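S.K.: Model the full structure from these sequences, guided by the hints.
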Amino acid sequence: MTSALELRHVSKVYGSGPTEVHALRDVDLSVERGELVAIMGPSGSGKSTLLTIAGSLEETTEGQVLVGGIDLASVSRAEQAKMRRRSIGYVFQDFNLLPGLTALENVTLPLELDGIPSKGAREVGLEALAELDVAERADRFPDELSGGERQRVAIARAVVGDRGLLLADEPTGALDSVNGEAVMRLLRAATKGGVAGVVVTHEAQLASWADRVVFLRDGHVVDQTVAPPGPESLLAAADRR
Amino acid sequence: MSVPHALLALLSEGPKYGLRLQSEFEARTGEVWPLNVGQVYTTLQRLERDGLVETSDGEGERSRKRYRITSAGDRELAEWLRTPPDLVPPPRDELVIKVLVALQVPGTDVHEILQVHRRHVIEVMQRYTQVKAAAGEKDVALALVADAELFRLEAIVRWLDAADVRLKQRQRIAPPVTAEVPLEPTQTMEVSQ
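Top to bottom, those sequences are chains A and B. Following this note's numbering, the numbering of the first sequence begins with 1 at its first residue and continues without gaps. Following this note's numbering, the numbering of the second sequence begins with 1001 at its first residue and continues without gaps.
Since the hints were derived computationally from the structure, they do not count as laboratory data. Among the hints, a few may not be true.
[Unchecked claim] Some but not every residue of chain A turned toward chain B, in silico, with C-beta under 7 Å:
| hint | residue |
| --- | --- |
| 1 | Gln93 |
| 2 | Phe95 |
| 3 | Pro99 |
| 4 | Gln205 |
| 5 | Ser208 |
| 6 | Val213 |
| 7 | Asp223 |
Since we're looking at a predicted model, the values are computed, not measured. Where a beta carbon is used, it is the ideal one built from N, C-alpha and C, also for glycine.
M.R.: And the structure:
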């Protein structure tokens, strides 16, 4: 089966000579549809670089990135842009909603850019907003929405249409832990619906919503969790106490 | 977890039978703390002896007794709710000791040791989060129980992260003494003290 995202021996170097910075070194990673993977690591470990490279927002120095089995280096820039619009959804820390557009327009923008007629885009967009429980706020502008609502709209925009890959950089932003958890529930639900999700975070509680946690350090993947054995094991542990 | 006080709390809502106390205790702690019926009755016996609960149905089989909280029980419960838990750190935190020891063992990469523990703690966190995810957002009792464990575990991860940064900074300032410098017997004596 083709992975939704595959990084093969990816390295990324910024600058050259004495100012050279190795942001990623020989990173291998594959993420399947239906799987939510968290990337954890200290500041400067390469987390955000990994995400921008996976989302084709940056090029690798070495190695290959395959999205849905397609090698990003093998397609034209125009094709890459199309893939970014159609196959990849992004959720950013500061939401990045366009202030001059309503919640619904923010969600439908990538669809319309992709040539989908606005009536059809509107229907699909409303559906995505409804799934995230913010359909009744569709005609509000970002500054009329609460932090939690803005984040829901941002997620709706990232999953709208037929996206196979969802990339999120510290997606709970400045939300408190309970609202942050709600965001992780939504991301998890989106991946259970068949999308591959990659979340970059430095917070262990948020990472623990993922099926798999990958640890980055100095640009290397140094470790990852094994599939959790299931909640029953906690009860067994409590029994032994 | 104080089982006696949890039972007093359940009885503060009104008189109850032992079996009902058991099932309510488990339900309200998100079923993370299983409690067997024997434990319930021994605890109730002790509470009765101390005058904190009384039975309304006199003698007979324990399962037929209905328990009620006394006014002394009410006072005890109110006081316990306001008594701060023991926050004094344990004198020997096993993980802290392991990391300190790792610093002394030649050829040991302390960052690798930190990572082993970080992964383990996060795997346990994943299991608690699974419990929360499976229960949905409406089960508040379970969410509170899981949150308490998750915040405690998260604190350990944050300590591990801080240790990582501190040790890295220390290495930059003063490279560690390597095995190239043989330890004198007198020095090992100092370590063992």
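S.K.: Hint validation: valine 213 (chain A) versus chain B, beta carbon distance must be below 7 Å. Holds or violated?
M.R.: holds, 5 Å
S.K.: Have a go at the serine 208 (chain A) hint: is there a Cβ in chain B nearer than 7 Å to its own Cβ?
M.R.: Constraint on serine 208 (chain A) satisfied, holds at 4 Å.
S.K.: Under 7 Å is the threshold here; is the Cβ of aspartate 223 (chain A) close enough to any Cβ of chain B for the hint to stand?
M.R.: holds, 5 Å
S.K.: At a threshold of 7 Å, is the proposed contact between phenylalanine 95 (chain A) and chain B supported by beta-carbon distances?
M.R.: With Cβ-Cβ at 22 Å, over 7 Å, it is violated.
S.K.: For the hint on glutamine 205 (chain A), does the least C-beta distance to chain B fall short of 7 Å?
M.R.: holds, 5 Å
S.K.: Is the hint on glutamine 93 (chain A) kept, meaning its closest Cβ partner in chain B is under 7 Å away?
M.R.: Since the shortest Cβ distance to chain B is 19 Å, the answer is violated.
S.K.: Can the hint on proline 99 (chain A) be confirmed by a CB-to-CB distance to chain B that is less than 7 Å?
M.R.: violated, 30 Å
In the structure shown, a violation is registered for the earlier hints numbered 1, 2, 3, in ascending order.
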